[in-house]
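Trainee: Sequence:
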Amino acid sequence: MKKGRSATLFILAVIIIISLAFAGFKGVEIGGWEFKSFDKAITKGLDLQGGVSVLMEITDENLSSEDLEKNLEKTKQLLDLRVNKLGVAETTVTAEGDRRIRIDIPGQFDSKEIVDSLQKTGNLTFKDSEGNEVLNGKDVEEASVMTDNTTGKPVVTLKLNEEGKQKFAEATEKNLNKTISIYMDEDLISSPVVESVISGGEAIITGSKTVDEAKNLAGLINSGALPVTLKVASIESVGAQLGAEAMPNAMKAGAVGILLIFLFMIFNYRMLGVIASITLTLYTMLVLIVFVEANVTLTLPGIAGFLLTIGMAVDANVLIFERIKEEMAKGVSAKSAVKAGFHNALSSIVDSNVTTVIAALVLYFMGTGPVKGFAVTLMIGIVLSMFTAIFITRKLTEWAINMGMLSKPWHFKVKRG
176 MKKGRSATLF ILAVIIIISL AFAGFKGVEI GGWEFKSFDK AITKGLDLQG
226 GVSVLMEITD ENLSSEDLEK NLEKTKQLLD LRVNKLGVAE TTVTAEGDRR
276 IRIDIPGQFD SKEIVDSLQK TGNLTFKDSE GNEVLNGKDV EEASVMTDNT
326 TGKPVVTLKL NEEGKQKFAE ATEKNLNKTI SIYMDEDLIS SPVVESVISG
376 GEAIITGSKT VDEAKNLAGL INSGALPVTL KVASIESVGA QLGAEAMPNA
426 MKAGAVGILL IFLFMIFNYR MLGVIASITL TLYTMLVLIV FVEANVTLTL
476 PGIAGFLLTI GMAVDANVLI FERIKEEMAK GVSAKSAVKA GFHNALSSIV
526 DSNVTTVIAA LVLYFMGTGP VKGFAVTLMI GIVLSMFTAI FITRKLTEWA
576 INMGMLSKPW HFKVKRG
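Note that our numbering has the sequence shown beginning at 176, numbered continuously upward.
In short, the hints are calculated from the structure, not lab data.
Even for Gly, the Cβ is constructed at its ideal location relative to N, Cα and C.
Misleading hints may appear alongside valid ones.
As the list claims (entries may be wrong) - Here are the in silico distance ranges between beta carbons for each label pair:
| # | residue 1 | residue 2 | range |
| --- | --- | --- | --- |
| 1 | Val431 | Thr326 | 40 to 48 Å |
| 2 | Gly327 | Lys287 | 23 to 31 Å |
| 3 | Gly579 | Val431 | 30 to 38 Å |
| 4 | Met541 | Lys510 | 33 to 41 Å |
| 5 | Gly542 | Ile410 | 29 to 37 Å |
| 6 | Leu243 | Ile410 | 36 to 44 Å |
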């Protein structure tokens, strides 16, 4: 009964792992439900799909180091919010030095409109016909885009906070049949005539020619005014073709590397090598699933980190298998050799992986951009490699022994004297 149960569990585990691998790399659609392939589901970085990298610099000179540090962080957060409000997905906003902020925008190649929006300080003001400010962006609670039922054109609707509601009611009462002009920074957006007192706390900005233009304006208003003035220090573009070629090439290199690892393990450890190959397949799937669920942005350095963890996962298996072979050479049974091998290798595996995790944490907290991506993939990979090596490999090995797949010394490539 034990042999049959172990055989059933082993075969079932192998089928599940192979099915998961097939679905992950090819994609599956069942009854309208789609399991996207990893190529479609994983968020790709700038170097894998092309795009634009914009480096912004603070131009204000009269700032103390304390104010500069505080404004840099606030500006970074506002730019991140602003870019995402503009509908640009998968962006990375990082500080470089004490005056510069880099915005990586994958998949976007026409950067002019985005750069123009980033450079605006985002200071919204309402002025009466005499040029007096009656309202500003701080009085706005939320901006959204709607279509005017009369003209069919997009408009930006503003919902004012309590203070803004009172200010706007007073301003419209004083300026009946006069204009209240709306400015974004120094640019005049619209200059409507006040036809009635507006006390409901809502205002409408007209003048947007397209929905995208209205969304940009709403995004600027929602993100708020920047505390400093910015200029573009540099713009770097990665072409769509270059980015498109990078991903397949990286996947081919990874596939060849993994295949060579499988062949090495099978040649050196025979049936144990087969089990290691099955486990590494599961490990690869688990890492990629975590990338998808955690919305990790995969870059070329990230792929390098991922492949490095595969090597570390193999290293863990090598440590275990060598200990098992040492026990088998002493003449003990396969079951005892496996138990002793895993026990003896555990401390070495934990020590080596913990030190690597510490190094990855240092890279994550001290590094920026691609370095952080490398560190994240490295940490995820290390944790999962320990799990698969210590638990999955052990369980598959125990089942293989119970079903008779691992019993003789040559199954382990061991020669007894």
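Trainee: Does each hint hold? Answer for all of them.
Mentor: Against the structure, the hints:
1. Val431 x Thr326: 40 to 48 Å: For Val431 and Thr326 the Cβ distance comes to about 60 Å; the hint is violated.
2. Gly327 x Lys287: 23 to 31 Å: For Gly327 and Lys287 the Cβ distance comes to about 27 Å; the hint holds.
3. Gly579 x Val431: 30 to 38 Å: holds (34 Å)
4. Met541 x Lys510: 33 to 41 Å: At 47 Å between Cβs, range violated.
5. Gly542 x Ile410: 29 to 37 Å: For Gly542 and Ile410 the Cβ distance comes to about 23 Å; the hint is violated.
6. Leu243 x Ile410: 36 to 44 Å: At 23 Å between Cβs, range violated.
In summary, the numbered hints that this structure violates are 1, 4, 5, 6.
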